[in-house]
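Protein chains in written order, with my numbering: chain A, 1 to 306; chain B, 1 to 234; chain C, 1 to 291.
These are computed hints drawn from the structure, not numbers from a lab.
All residues carry an ideal CB built from backbone N, CA and C; glycine is no exception.
Don't take each hint at face value.
Covered stretches of chain B (in silico footprint by chain A; criterion: 3 or more residues with CB under 8 Å from a CB of chain A, positions within the stretch not fixed) [said to hold, decoys possible]:
{"hint": "1", "segment": "77-83"}
{"hint": "2", "segment": "86-93"}
{"hint": "3", "segment": "100-106"}
For each label pair, taking beta carbons as the anchor points, the in silico distance ranges come out as [what the hints assert, rightly or not]:
{"hint": "4", "chain 1": "A", "residue 1": "Leu-166", "chain 2": "B", "residue 2": "Asp-125", "range": "26 to 32 Å"}
{"hint": "5", "chain 1": "B", "residue 1": "Pro-38", "chain 2": "C", "residue 2": "Met-115", "range": "47 to 53 Å"}
{"hint": "6", "chain 1": "A", "residue 1": "Leu-162", "chain 2": "B", "residue 2": "Arg-113", "range": "26 to 32 Å"}
The calculated DSBU-like cross-link candidates involving lysine-lysine, where the alpha carbons are at most 30 Å apart (straight line), are [to be verified]:
{"hint": "7", "chain 1": "C", "residue 1": "Lys-170", "chain 2": "A", "residue 2": "Lys-106"}
{"hint": "8", "chain 1": "B", "residue 1": "Lys-195", "chain 2": "B", "residue 2": "Lys-123"}
{"hint": "9", "chain 1": "B", "residue 1": "Lys-203", "chain 2": "B", "residue 2": "Lys-79"}
{"hint": "10", "chain 1": "B", "residue 1": "Lys-79", "chain 2": "A", "residue 2": "Lys-106"}
{"hint": "11", "chain 1": "B", "residue 1": "Lys-79", "chain 2": "B", "residue 2": "Lys-123"}
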Amino acid sequence: MKGLIGAVVLLILAALGLMPFFVTNYIVSFAIQIFMWIALAGSWNLISGFTGYVSFGHVAFFGTGAYTAAILISKAGWHWFPASLTGSVTAAALALIIGYPCLRLKGPYFAIAMLGLNEVVRALVSYFETFTGGGNGISLPPIASIQPVYYAMGGVALAVVLFTYLIITSRFGLRLLSIREDELAAEAMGVNTARLKLYAFLLSATFPGIVGGFFAWYSSHIEPIGTFPLLTTITMIIMCLFGGKGTVLGPVLGATLLSIFQEMVWARFLFIHQAIFGALIVAVVLLMPRGILGVLQQRYRLPRTI
Amino acid sequence: MPDILDIRAVTKHFGGVTAINGCSLALEPGRIFSLIGPNGSGKTTLFNLITGLERPDDGEIYFRGERIDAVPAHRIALKGIGRTFQIIRVFPEMTALENLLVVARADWESSYRRALELLSFVKLDRLQREYAGNLSYGQQKLLEFARVLMMEPELILLDEPAAGVNRTLLNDLLEAIRQLRAEGKTILIVEHDMKVVMDLSEKIFVLDHGEKIAEGPPLAIRHNELVMEAYFGR
Amino acid sequence: MPIEITGGMLLQGVVSGLLAGGLYAMVALGMALIFGVMRVINVAHGTLLMLGAYATYWLFALYGMNPFLSLLISFPLLFVVGVILQRLFVYRVVDAPELSSLLLTFWISIFIANMAMVAWTADYRSVEFLTGSFLLGPIALSKPRLISFCFALGITYLAFLFLNKSKTGKAIRATSQHRELAQVCGINVRRIDLITFGLAAGLAGTGGSLVSVMFSVFPEMGQIYVFKSFLVIVLGGAGNYPGAFFGGLILGLVEGLASLYLSAQLSEVIAYILLVLILLVRPTGLLRGRS
Chain A
1 MKGLIGAVVL
11 LILAALGLMP
21 FFVTNYIVSF
31 AIQIFMWIAL
41 AGSWNLISGF
51 TGYVSFGHVA
61 FFGTGAYTAA
71 ILISKAGWHW
81 FPASLTGSVT
91 AAALALIIGY
101 PCLRLKGPYF
111 AIAMLGLNEV
121 VRALVSYFET
131 FTGGGNGISL
141 PPIASIQPVY
151 YAMGGVALAV
161 VLFTYLIITS
171 RFGLRLLSIR
181 EDELAAEAMG
191 VNTARLKLYA
201 FLLSATFPGI
211 VGGFFAWYSS
221 HIEPIGTFPL
231 LTTITMIIMC
241 LFGGKGTVLG
251 PVLGATLLSI
261 FQEMVWARFL
271 FIHQAIFGAL
281 IVAVVLLMPR
291 GILGVLQQRY
301 RLPRTI
Chain B
1 MPDILDIRAV
11 TKHFGGVTAI
21 NGCSLALEPG
31 RIFSLIGPNG
41 SGKTTLFNLI
51 TGLERPDDGE
61 IYFRGERIDA
71 VPAHRIALKG
81 IGRTFQIIRV
91 FPEMTALENL
101 LVVARADWES
111 SYRRALELLS
121 FVKLDRLQRE
131 YAGNLSYGQQ
141 KLLEFARVLM
151 MEPELILLDE
161 PAAGVNRTLL
171 NDLLEAIRQL
181 RAEGKTILIV
191 EHDMKVVMDL
201 SEKIFVLDHG
211 EKIAEGPPLA
221 IRHNELVMEA
231 YFGR
Chain C
1 MPIEITGGML
11 LQGVVSGLLA
21 GGLYAMVALG
31 MALIFGVMRV
41 INVAHGTLLM
51 LGAYATYWLF
61 ALYGMNPFLS
71 LLISFPLLFV
81 VGVILQRLFV
91 YRVVDAPELS
101 SLLLTFWISI
111 FIANMAMVAW
121 TADYRSVEFL
131 TGSFLLGPIA
141 LSKPRLISFC
151 FALGITYLAF
161 LFLNKSKTGK
171 AIRATSQHRE
181 LAQVCGINVR
191 RIDLITFGLA
201 AGLAGTGGSL
211 VSVMFSVFPE
221 MGQIYVFKSF
231 LVIVLGGAGN
241 YPGAFFGGLI
251 LGLVEGLASL
261 YLSAQLSEVI
271 AYILLVLILL
281 VRPTGLLRGR
291 S
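Bound conformation, chain A alone:
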């Protein structure tokens, strides 16, 4: 059985790997989008799905990575790949600085603090104009081919899924879950909740950092409003919740389904799209807080590694 699943997985990966050579650019860029959302939703899952701490400003890490990479590329002439990886370092640094004090807060206060983070990073970006180009943003050279970005984004998405799998099958993962279940009891049972939360938070910030870097390169232009919107955070949250938070493939499912939905409806019916998306938010929140895979997991006693 395990062999069969492994074979199927490898087959899918091979198909994805070869895809850019056989399909139109439109589909490749759509795939890039999906990979990006998988990475983002999956990262949010690492902190909020596992520990229950709601990071409502997660896009701040995305934006930090984007700006780091953009500055390194445009001002220091770096290649986009290492620049993006550096984006993950700055994002992680930010997570450390903010996470250390804020993770001590109880649920709602942590969420509020995270919400504020987004505003603040955006304000900082606007302020340090010499570096960041202020409201005008930074322009980067247009890219020749999107294929490298496809593989890069795909790589990050894969990495996120892999990390999630590794974590959920480890003791680290079990302990994170126990924090979500009952932090006080976990602490009394010897779980170093403060440190584990921080690790999860750092991890959950590095991937958006890299993704942000790739995004900056791909878009060839970034500016504050487009890079730090609350809607991005909400979208990654909804995608994760829809698919199933706290599961491995939940974010993948959610990101894929909702991206397809967005693509089909957005282009054609802007207003309805907003309304439907909004209705989706409400529905997920009220009726299906565990998400598709979460519900299935509970109903059919599926293993955690789904």
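Given chain A's structure and the hints, the job is docking chains B and C onto it.
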């Protein structure tokens, strides 16, 4: 033999309320102790102070000669103090097995085996893959007990182990407690069920309004006037 | 850029800050009430403020109504809006995990902001009713700011009177302290939720009306006030309603000083850093709060 737990003149306030007031008590290792007192006398608060979930405003707590009142809760647990809670706190959306594995310190293999052993010990092994939240009250209580044992503590604090538990289950529990004592563990129980307290304890501490008003063997406590007053009034 | 900051400038900064702070306090009080009574984080608070601002704008533009008089309309109007929102949507996430209330109120805010955009376009509007300043020694007190502050102060005072003296107000405070106990004492908490949300919306809308006299009116204008209200609640201590008042003043003060010594843009950052530092030391907020 030096005391395994030494609480010295510990005081704790919550806002305007003094929950514990200059309380001192000492536990010799390898015995079963009970902590009794009317509701609100501070018993659970004392547990919280010992396990590090609260900090005393005054006084010191020593475990095996080492001062622990300023040590973070998870480290106190790792030093060898385990506890159960008055209101059961299992991890509801994790399986019974996972509830135990969270606590394990050793490698995966042996932890897994030990977890299964403990589940058999409390007769929950058939339910190992069941979400803890779906278990019955009695089963959750047993699970919490097994979870404490998984930590391999030297000192075990049980907060109202007999509450809401039927006779058969209770006997199993008491038997398990006696077995632990035979293995050299020290046990401190908060309990309201006087029959359990009298049967089980080698020494009883009585709290009232955050102060220790009496301590001694069961028979002495039973006839102690101060204790009578505390429970029944003059 | 080291400019010499005179005593006069300092005083000016402090006073301007405090004037703004009064407004923040009033708006934040609403959000604090919603959080206290229903455990809901109302991200839509800013849009409620925006609606109040637009109400005043249209009354001014179409009928020439005195903006300060329009408070008599915007407050009850927003009260009703609040009650409707609570009755239709928010009641479902009362006492729910914070993620639920965050997502739901976020959707409400998007929805309302979008409707506003469609109805009134994204154009910046302004209510040019009052300009100029009073001169008091070395300080110039902007007239709109001063009068807005006075109204904010008055309305906040009335709100506190209501909370402390009236039967409903006491019921609100009881519910926010201990919901179950309040129910046991015979308080109809559902009704209290409705009233509280309405009251909070009314306060936000009133804030919007007052803001419209000083700043531009546009659909996104309320966003920043959500952030500021959070800061106020933390500064003042959660669940501590008089604290919210002082929290507002403190925030205004911090902003004023930060603008003076650093930059207006950084004032938010400073306030946030302050917030984080405070939460580090006192996780329930600066003044005595409640977890």
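Holds or violated: the segment 100-106 of chain B covered by chain A, criterion of 3 or more residues with Cβ-Cβ distance under 8 Å?
holds (count 5)
Please verify whether B:Lys-79 and B:Lys-123 have alpha carbons no more than 30 Å apart.
holds, 28 Å
Pair hint B:Lys-203 and B:Lys-79, alpha-carbon separation not exceeding 30 Å:
Given that 30 Å is the threshold and the Cα spacing comes to 24 Å, the pair holds.
Checking C-beta pairs, does the segment 77-83 of chain B have three or more residues closer than 8 Å to chain A?
holds (count 4)
Are the Cα positions of B:Lys-195 and B:Lys-123 separated by 30 Å at most?
Status holds; Cα separation ~25 Å.
Check the hint pairing B:Lys-79 with A:Lys-106 against an upper bound of 30 Å on the C-alpha distance.
holds, 27 Å
Is it true that the C-beta distance of B:Pro-38 to C:Met-115 lies inside 47 to 53 Å, as the hint says?
violated, 60 Å
Should the hint that A:Leu-162 and B:Arg-113 are 26 to 32 Å apart at their CB atoms be regarded as holding?
holds, 29 Å
Could you see if the CB distance from A:Leu-166 to B:Asp-125 stays within 26 to 32 Å?
The hinted range 26 to 32 Å holds for A:Leu-166 and B:Asp-125, with Cβ atoms some 28 Å apart.
Given the proposed pairing of C:Lys-170 with A:Lys-106, does the C-alpha separation stay at or below 30 Å?
holds, 27 Å
Closer than 8 Å, Cβ to Cβ, for at least three residues: run that test on the segment 86-93 of chain B against chain A and report holds or violated.
Satisfied; 5 residues make the cut.
The structure is inconsistent with hint 5 alone, although it conforms to all the rest.
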